Amino acid sequence: MFAYDVPGIPILLTVSSLLYLLNVAETIFNFMLEAGLLGSLIVGIIYGPEGANFLPEYLLQALLVFGYIGLALLIVEAGIDTNISLLYNNLALSALVAGTGIILPIVLLQGFAAGASLSSTSLGATLALLKPELRQTRTGVVLFSAALFDDVVGIILAAIIQAIIRPILVSVAFTLAAGLLVWILRPLARRMPYRLKLIVYQGRIQLFLLTMVISGFVAGASYAGTSELYGAYLAGVIVAQIFAEPPGVDQLAQLPHGAESPTLVLTNGVVIYTPHLAFAVFIKPILQYMLSPIFFASIGAALPIRSLGSVGGSSRVVWRGLVYALLMAIAKALTGIWLLVPPSFFTLPQSCTNLKKKNPNKREHRDHNPDTDSSEPTMSRMNSAVLLGLAMIARGEVALIVSQLARPILTETSQEPYAMVIWAILLDTVGGTLGVGLLLRQKIKRAG
1 MFAYDVPGIP
11 ILLTVSSLLY
21 LLNVAETIFN
31 FMLEAGLLGS
41 LIVGIIYGPE
51 GANFLPEYLL
61 QALLVFGYIG
71 LALLIVEAGI
81 DTNISLLYNN
91 LALSALVAGT
101 GIILPIVLLQ
111 GFAAGASLSS
121 TSLGATLALL
131 KPELRQTRTG
141 VVLFSAALFD
151 DVVGIILAAI
161 IQAIIRPILV
171 SVAFTLAAGL
181 LVWILRPLAR
191 RMPYRLKLIV
201 YQGRIQLFLL
211 TMVISGFVAG
221 ASYAGTSELY
231 GAYLAGVIVA
241 QIFAEPPGVD
251 QLAQLPHGAE
261 SPTLVLTNGV
271 VIYTPHLAFA
281 VFIKPILQYM
291 LSPIFFASIG
301 AALPIRSLGS
311 VGGSSRVVWR
321 GLVYALLMAI
331 AKALTGIWLL
341 VPPSFFTLPQ
351 SCTNLKKKNP
361 NKREHRDHNP
371 DTDSSEPTMS
381 RMNSAVLLGL
391 AMIARGEVAL
401 IVSQLARPIL
411 TETSQEPYAM
421 VIWAILLDTV
431 GGTLGVGLLL
441 RQKIKRAG
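If you read the sequence shown in the UniProt record's numbering, its first letter stands for residue 1, the second for the next number, and so on.
Because the hints were derived from the structure by calculation, they are not lab data. Quick caveat: nothing in here was measured; it's all calculated off a predicted structure. It cannot be assumed that every hint is accurate.
FRET-style restraints, in silico, Cβ to Cβ [to be verified]:
#1 G179 x V271: 23 to 33 Å
#2 A3 x P187: 25 to 35 Å
#3 N30 x S307: 47 to 57 Å
#4 Y4 x P56: 16 to 26 Å
#5 G431 x R204: 37 to 47 Å
#6 G431 x A52: 17 to 27 Å
A virtual CB, placed ideally from N, CA and C, is assigned to each residue, including glycine.
Kindly generate the complete structure, drawing on both the sequences and the hints.
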């Protein structure tokens with residue numbers, strides 16, 4: 001039976017300092033490197049069992065749960081922000097980037113299990129580093145879709161011995177189901193009576209619908225046998241597409257947070273909340289300042305830092321880990337080569353363009369960024385390729401999950417293969433994140 005006991009002062013101070021320092025560290029690393037997640041990662045390492053061991057086991061489990069909720073919400077946000085037309089036009093390029101990022105790590109590593117662990121790309125790091133305006137560019141769309149595909153395939157590869165057909169079929173089925181739902185419900189939402197629209201597009205109603213769809217798709221994807229993160233992404237896409245056309249727009253205004261905030265639509269003096277705006281107002285603050293930092297801190301706490309220096313009395317795991325990390329960085333960085341190919345080579349039939357012409361005002365209320373509906377990147381082709389390659393290097397959450405699932409295979413004869421995989425995950429996550437942050441900072445300085 002659960003009994004309510006007042007927490008002790010040490011626990012209260014520990015948790016309070018953790019939450020405070022997570023935001024302090026993110027602010028510092030954002031200021032220095034445009035990579036705030038590294039601050040949360042370091043704080044997690046310090047507070048975790050391999051560092052100062054400030055957090056008891058039950059708090060680590062709680063952080064893991066809250067952090068994973070944060071990751072799911074980061075991916076939901078990416079789904080809401082997804083430009084379907086741009087994604088469709090670059091689908092072939094995304095598939096090539098993802099395929100290259102999966103195959104090369106497995107080819108370069110001796111073991112299949114180790115390669116599967118390092119074939120993933122950190123979705124959390126990718127989303128945390130990409131500003132909202134970059135997510136609407138060709139580079140951003142290709143990067144996120146390739147990272148998402150890599151992580152789904154990484155989970156499938158981890159379970160390949162048990163069954164490979166089911167996760168693939170379930171992922172395809174969920175994609176088709178999402179498309180079918182949008183195809184059926186979007187016309188119905190468009191034809192709703194005006195008064196009903198004013199009710200449906202209220203903030204709390206949009207938040208309720210968003211929560212229900214996220215919960216259903218995340219749970220359904222997990223129980224069906226595919227990645228719950230993929231379910232979270234589809235949930236964001238579905239809600240954003242179904243409610244893409246709010247009631248008539250009389251006035252446009254901006255939220256006070258600046259260019260990163262979605263457009264606020266006012267109709268007859270009534271505030272209209274699109275899914276994008278509802279997410280930004282009700283979910284984004286707690287995600288930005290609590291759940292997202294906790295997620296990256298939980299990754300840091302899970303890293304076995306102390307055991308990376310020596311295995312079986314030998315320190316060769318250090319230089320081997322460095323070599324493997326370099327190989328894996330090269331394998332992922334090579335995915336950026338595809339962006340050097342002219343965009344017209346990958347362009348699919350423009351059926352989505354026709355749909356867009358039928359609904360010319362579809363997204364005018366959301367964004368006035370000229371790059372939003374353009375397939376042209378905001379940077380040169382070379383810089384876009386470098387950005388894609390660096391961002392794909394960062395591993396993270398799924399890499400750790402897959403490495404844990406594959407640990408019995410990796411440690412059959414020695415602990416060294418597992419330690420080398422962890423070295424590669426850690427160094428590539430830090431190096432890739434740092435590279436993207438510095439590149440974006442250089443871009444901001446040139447623009448300024």
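Outcome of the hint check:
1. G179 x V271: 23 to 33 Å: holds (31 Å)
2. A3 x P187: 25 to 35 Å: violated (54 Å)
3. N30 x S307: 47 to 57 Å: With a Cβ separation near 31 Å, N30 and S307 fall outside 47 to 57 Å, so the hint is violated.
4. Y4 x P56: 16 to 26 Å: holds (18 Å)
5. G431 x R204: 37 to 47 Å: Holds - the Cβ-Cβ distance for G431 and R204, about 43 Å, lies within 37 to 47 Å.
6. G431 x A52: 17 to 27 Å: holds (25 Å)
Checked against the numbered hints listed earlier, the structure breaks hints 2 and 3; every other hint is satisfied.
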